[in-house]
Amino acid sequence: GEPSAVDEQPADIIDPDTFWQHPVLQSVPNGQRSHAHPNSMLAIVSALNCLLTNRVRRPDLAEPLTERIWPLGETFLFDLFSSNQTEREHVCAELLCLLGALCIRINIDPICLVNTLYIVERVVRMGVDFTLPLMRPVTITALLLACKEHYDEVVTVGDFQTALPHLQLSRLAAMEHHMLWLLGYQVTIFNTQLWHRYADGLDDLLHRYRQEIDTFVEIYRAPVNEILGRDVL
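Heads up: the sequence shown is residues 2 to 234, going by our numbering.
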């Protein structure tokens with residue numbers, strides 16, 4: 002079924018050097034590892050699209066992150082905040098550009114994207130709904146935490162600020178601390194059972210919505226590839 006947050010249970014820690022070969026993490030037919038991995042990015046964007054909502058349960062918890070108070074600045078392709086109605090396809094295209102820019106410019110392992118979804122879902126479970134003003138801050142901060150966990154602090158706030166120079170990320174460290182507090186400072190999540198549930202669920206999303214994803218790629222391939230400076234889609 003679709004990936005969903007589950008209670009973490011002790012199990013064998015995964016080996017990143019073998020688990021990345023899961024189909025959802027492969028970027029090319031022969032499985033060569035690459036920072037341009039459309040399968041994983043499209044799967045994560047599809048899953049995040051499922052989380053997008055208009056409800057706001059805990060504005061107090063969202064306040065340190067929301068762009069209603071702390072705007073990040075210009076978007077890649079579309080102005081997401083100029084009207085009361087925003088096309089979900091536009092949101093997905095923005096998310097794809099955001100994740101693609103970070104993955105390419107920092108050379109992020111696709112495993113971090115699976116971890117990012119897990120973190121976002123946990124944040125949502127804590128009451129911070131994945132609304133439009135929270136979409137970019139939550140996604141960026143969750144990916145930062147996933148990278149720090151995966152690379153053992155080698156990836157820094159400065160790396161993200163350099164990778165996204167058009168965004169106002171001076172508060173990224175504060176956003177990181179707030180999200181860590183929400184998560185109880187627990188971001189190490191990859192055991193075998195849990196990882197497979199997420200990776201298999203994401204792979205299922207790719208197959209279940211293959212027609213819709215192919216249509217999306219056909220429409221947005223050119224502008225996304227132009228933004229990212231390479232043929233990712």
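Honestly, I wouldn't trust all of these hints.
[Claimed, not checked] Label pairs and their in silico Cβ distance ranges: (1) Thr157 with Ser83: 14 to 22 Å; (2) Trp182 with Glu227: 36 to 44 Å; (3) Val218 with Gly159: 15 to 23 Å; (4) Thr193 with Arg126: 30 to 38 Å; (5) Gly230 with Tyr152: 22 to 30 Å; (6) Tyr186 with Glu90: 16 to 24 Å.
No wet-lab data here; the hints were simulated from the structure. Remember, it's a predicted structure, so these values are computed and weren't measured experimentally. Just so you know, even glycine gets a beta-carbon here, dropped at the ideal spot from N, CA and C.
Evaluated hints:
Here the CB-CB span from Thr157 to Ser83 is close to 33 Å, at odds with the stated 14 to 22 Å. Between Trp182 and Glu227 the Cβ separation comes to about 38 Å, which falls inside the hinted range of 36 to 44 Å. Range check, Val218 to Gly159: about 32 Å between beta-carbon atoms, so the 15 to 23 Å window is missed. Separated by about 22 Å at the C-beta atoms, Thr193 and Arg126 break the suggested range of 30 to 38 Å.
Taken as a hint, the range 22 to 30 Å holds for the pair Gly230 and Tyr152, whose Cβ atoms sit roughly 23 Å apart. Between Tyr186 and Glu90 the Cβ separation comes to about 36 Å, which falls outside the hinted range of 16 to 24 Å.
The earlier numbered hints that this structure contradicts are 1, 3, 4, 6.
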